[in-house]
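**Student:** Once you've looked at the hints, dock chain B against the given chain A.
Just so you know, the protein sequences line up as chains A and B, in that order.
Residues 1 to 484 in the numbering used here are what the first sequence spells out, letter by letter.
Residues 1 to 484 in the numbering used here are what the second sequence spells out, letter by letter.
It is possible that some hints are incorrect.
Which copy? The list can't say, so a pair holds if one copy fits it or any two copies do.
[To be verified] Cut-off 20 Å, straight-line C-alpha distance, at most; resulting in silico cross-link-like pairs (EDC-like, lysine to aspartate or glutamate):
1. K242 <-> D436
2. K242 <-> E103
3. K91 <-> E112
4. K295 <-> D337
5. K256 <-> D349
6. K256 <-> D408
Source of the hints: derived by calculation from the structure; they are not laboratory data.
There are 2 protein chains.
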Amino acid sequence: MDATAAPQHVRALSEIERWAGETDVLVVGLGCAGAAATLDAVAAGAEVMVVERAGGGGGTSSMSGGVVYLGGGTALQRACGFEDSVEEMFKYLMASCGPAPDEAKIRVYCEESVAHYEWLVGLGVPFKAVFYPHYSGEPPTDDGLVYSGSEEAHPYCEIAVPAPRGHVPQTTNQAGWLLMQTLVAAATGSGAEVRVDTRCQALVMDATRTVVGAVLRCGGEETAIRARRGVILTAGGFINNKQMLRTYAPLLRQCKFRVGAEGDDGSGVRMGMAAGGAAINMSMGSVSLPIIPPKTLQKGMLVNARGQRFVNEDAYYGVLGEQALYHQDGVAYLVLDADTFVKPEVARDVAGTGETIEELEAALALPHGALVDTLAFYNRHAARGEDPLFGKAPTYTVPLRPPYGALDCRTASSLYAVFTLGGLWTNIDGEVLTPDGAAIPGLYAAGRTTACLAAPGYSSGLSLGDGTLFGRRAGRAAATRPTS
Amino acid sequence: MDATAAPQHVRALSEIERWAGETDVLVVGLGCAGAAATLDAVAAGAEVMVVERAGGGGGTSSMSGGVVYLGGGTALQRACGFEDSVEEMFKYLMASCGPAPDEAKIRVYCEESVAHYEWLVGLGVPFKAVFYPHYSGEPPTDDGLVYSGSEEAHPYCEIAVPAPRGHVPQTTNQAGWLLMQTLVAAATGSGAEVRVDTRCQALVMDATRTVVGAVLRCGGEETAIRARRGVILTAGGFINNKQMLRTYAPLLRQCKFRVGAEGDDGSGVRMGMAAGGAAINMSMGSVSLPIIPPKTLQKGMLVNARGQRFVNEDAYYGVLGEQALYHQDGVAYLVLDADTFVKPEVARDVAGTGETIEELEAALALPHGALVDTLAFYNRHAARGEDPLFGKAPTYTVPLRPPYGALDCRTASSLYAVFTLGGLWTNIDGEVLTPDGAAIPGLYAAGRTTACLAAPGYSSGLSLGDGTLFGRRAGRAAATRPTS
Chain A
1 MDATAAPQHV
11 RALSEIERWA
21 GETDVLVVGL
31 GCAGAAATLD
41 AVAAGAEVMV
51 VERAGGGGGT
61 SSMSGGVVYL
71 GGGTALQRAC
81 GFEDSVEEMF
91 KYLMASCGPA
101 PDEAKIRVYC
111 EESVAHYEWL
121 VGLGVPFKAV
131 FYPHYSGEPP
141 TDDGLVYSGS
151 EEAHPYCEIA
161 VPAPRGHVPQ
171 TTNQAGWLLM
181 QTLVAAATGS
191 GAEVRVDTRC
201 QALVMDATRT
211 VVGAVLRCGG
221 EETAIRARRG
231 VILTAGGFIN
241 NKQMLRTYAP
251 LLRQCKFRVG
261 AEGDDGSGVR
271 MGMAAGGAAI
281 NMSMGSVSLP
291 IIPPKTLQKG
301 MLVNARGQRF
311 VNEDAYYGVL
321 GEQALYHQDG
331 VAYLVLDADT
341 FVKPEVARDV
351 AGTGETIEEL
361 EAALALPHGA
371 LVDTLAFYNR
381 HAARGEDPLF
391 GKAPTYTVPL
401 RPPYGALDCR
411 TASSLYAVFT
421 LGGLWTNIDG
431 EVLTPDGAAI
441 PGLYAAGRTT
451 ACLAAPGYSS
461 GLSLGDGTLF
471 GRRAGRAAAT
481 RPTS
Chain B
1 MDATAAPQHV
11 RALSEIERWA
21 GETDVLVVGL
31 GCAGAAATLD
41 AVAAGAEVMV
51 VERAGGGGGT
61 SSMSGGVVYL
71 GGGTALQRAC
81 GFEDSVEEMF
91 KYLMASCGPA
101 PDEAKIRVYC
111 EESVAHYEWL
121 VGLGVPFKAV
131 FYPHYSGEPP
141 TDDGLVYSGS
151 EEAHPYCEIA
161 VPAPRGHVPQ
171 TTNQAGWLLM
181 QTLVAAATGS
191 GAEVRVDTRC
201 QALVMDATRT
211 VVGAVLRCGG
221 EETAIRARRG
231 VILTAGGFIN
241 NKQMLRTYAP
251 LLRQCKFRVG
261 AEGDDGSGVR
271 MGMAAGGAAI
281 NMSMGSVSLP
291 IIPPKTLQKG
301 MLVNARGQRF
311 VNEDAYYGVL
321 GEQALYHQDG
331 VAYLVLDADT
341 FVKPEVARDV
351 AGTGETIEEL
361 EAALALPHGA
371 LVDTLAFYNR
381 HAARGEDPLF
391 GKAPTYTVPL
401 RPPYGALDCR
411 TASSLYAVFT
421 LGGLWTNIDG
431 EVLTPDGAAI
441 PGLYAAGRTT
451 ACLAAPGYSS
461 GLSLGDGTLF
471 GRRAGRAAAT
481 RPTS
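This is chain A alone, in the form it adopts within the complex (with noise of 0.2 Å):
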């Protein structure tokens, strides 16, 4: 690319002849955590601006399942027979989002939980109080709580006292459209001004380095939005740009099925790195691997390029995939019997069958005798309910008899559901920070345009859970913000 044709994402004050128009925050994308964050910032009393690119909100989350990521002893999970606390809540996000989780988000994230689901339900998101027991993940039911993590599974399950955190709007299959729809309408009706059909180009930061506002481009035409109190980024993440996959995450370009509206370029990202922040675990993505459901697939071994499993089966379906793309070189099988073997709901090739374990090890084209191996010691343990390598759940750990197939769970043919969980490095609260951790003034950021709070380490819900708590979070900051 030309220098000369590089896109300016920040605009020095010097060169703007006019604001055509100000507010105190200005809001860039109205997917969940944009709503989230008008919501809060016009409760707090500012006036808001909310552009969105495309012809009306809702953006991925409204593609999305709908499940909500929130716990430490909510109303639903109450009413559904669930006890849960704070403490386990941040036990098992702190044991699960990878090896440097951020423990203050993570703090107020279980802290501020409860009261977020009741500001869910309050805006008018409904919950059907029944917990959906056969799978983790989105429900096909109308049930309104589900497991959508590894909390169940070794070693999470010995670390914090398991619970279902999975939040569902009532509806049937993806629930997201529900969700956006009723955060997109309180939004609309809060008072804050919703531009559709409208970009935002460039932020626009003064000689002390602050933002002080953004230009537009709608219908072709630029102008400059002063923002008063400060400038939300929630415009998404970049699945849907090739060249920063390329730069950032290339790993993820081997999973074909991509999650994400068109405005997922990035844009949100670029801005706020030419703004001076820091982007970071900008190669994870979330990367689901769904053997189920049923979940009886469970019962069945996962193994690699070299006949060795490298994860225990049971663990949540986002963790499955990620093993098997950034550990094993997007290579894996399920291996199954004939008892444990049920058609997946989620179309899956059989890569292999085999009279005998020989056989299928040979189909497979695995190292002579290697599947052998394994699968002699694991029905070994299995005879006794015991998976001495990954500690799998009793339920799951069965002898696999002949004869055998196999179900291909390679990159390259079968995974599912991937986005970028890389992004803006923020604070608390919302605040966009640079590479030495300072805030930068007058730019916030929510959503996946920021790095989420688990990566590696995804737990469905954490996106919709992170963009709206965070979102909020943000939408305040900006609003008590003094004005620029």
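**Tutor:** Leaving out everything else, chain B in the frame of chain A:
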């Protein structure tokens, strides 16, 4: 950190009251990349100023082993009786340099490698035309050529014809000081103005986002220097910046032995990012797990916390460390028997011993039966010199017989020699690129301030190699850029 305390890595031209001096090209840092950039910028006819924050040049390069990764048929390779070609070198690097190798840079690196060796010789860097066969990495002798990567190991030996490409200046043990003594002397005598004890505080950018100079600090006083053609950042990596490690490369914190001068605090990377540059591969590091010398230790069997093998033990020790840290949670043991055990030259604790493999398994607290099975499988094939899982070379693939011992190769106690490989994204001319892939006018970088060619997949000598070769290219590009 309070926002007002944020370091300002970029200053607007409008903030600069006066230039205290000017030059064509300003080079920041006098390590290998800075020296190389200086020499070629001067040779291209530019006026050059180099600033070094330490009392003298050398940087981390002078603390290194001095290995320079070069090939394609250098005079040294030929004198030692090895054939090599640009194409074989290219194939090796494309295969080994991670999931997204930078083809354009690797191509240039290979094509210019022979001439680059001649350039080093022309400057007076001595290389003894003797191949050192007993070790991969820096030889303890003054021999000039070694294997310094995984060229002879599976799968690379099947992809490209192996050739040793580690070119080592002639002195015993660590040779980095000799390389740098020569390069610094040449840079100092080149006609460039060298200022030591001088720190680059910030880049200066004009209203068109062109880098036009820098703010320096010396003796407590700040001065601004105009750089008519460009600024070249060659200020090292960030292994000595705790916060950047925590933010970008948390796994590297597990490694205790950090290779880096005091200046490796990421200041170059941070200035480049503040100017709009993308930083890539930021989580990656060179993580050496030297199980050798002597090479006979490669006959051992490296296993993880589940008693599984995970790599061919004859892969380069940079690859062993990377696999252990990034994919095995930093847990590895090297299992040996009486025949294969020799005292490792790099001190390493004995993690456990056993008259039988069952006893060793118990001593290492591995899952019951796991190591027993792994060894049985290994021995069965090793009896024929075969390693069907990882393709270790027959020379090192022999059955292991009781009694047994295991060397501790866990991150916490034993990983060696880590430095950062992530950094600014640059093109073949050293121009710093934005996340959009556009060059930032007037800004160049080289050395570990930039992302390494190989991250992951490090071969030793690539840092001194890409630092000097792309340092020179940056010097020439900056020197011939039209003045701002």
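**Student:** Have a look at K242 and D436 and pick one of within, between, both or neither, based on CA distance no larger than 20 Å.
**Tutor:** between (29 Å within a copy, 10 Å between copies)
**Student:** State whether the alpha carbon distance between K242 and E103 is at most 20 Å within one copy, between copies, both, or neither.
**Tutor:** between (32 Å within a copy, 17 Å between copies)
**Student:** My question is about K256 and D349: at a cut-off of 20 Å on alpha-carbon distance, are they close within one copy, between copies, both, or neither?
**Tutor:** within (15 Å within a copy, 46 Å between copies)
**Student:** Please sort K91 with E112 into within, between, both or neither, judging by C-alpha distance up to 20 Å.
**Tutor:** Classified as within: same-chain Cα gap 15 Å, cross-chain 53 Å, threshold 20 Å.
**Student:** Checking an output row: K295 and D337, CA cutoff 20 Å. Within, between, both or neither?
**Tutor:** Within one copy only: 15 Å inside, 44 Å across.
**Student:** When Cα atoms must be at most 20 Å apart, do K256 and D408 count as within-copy, between-copy, both, or neither?
**Tutor:** within (15 Å within a copy, 40 Å between copies)
Every hint, counting from the list given before, is met by this structure.
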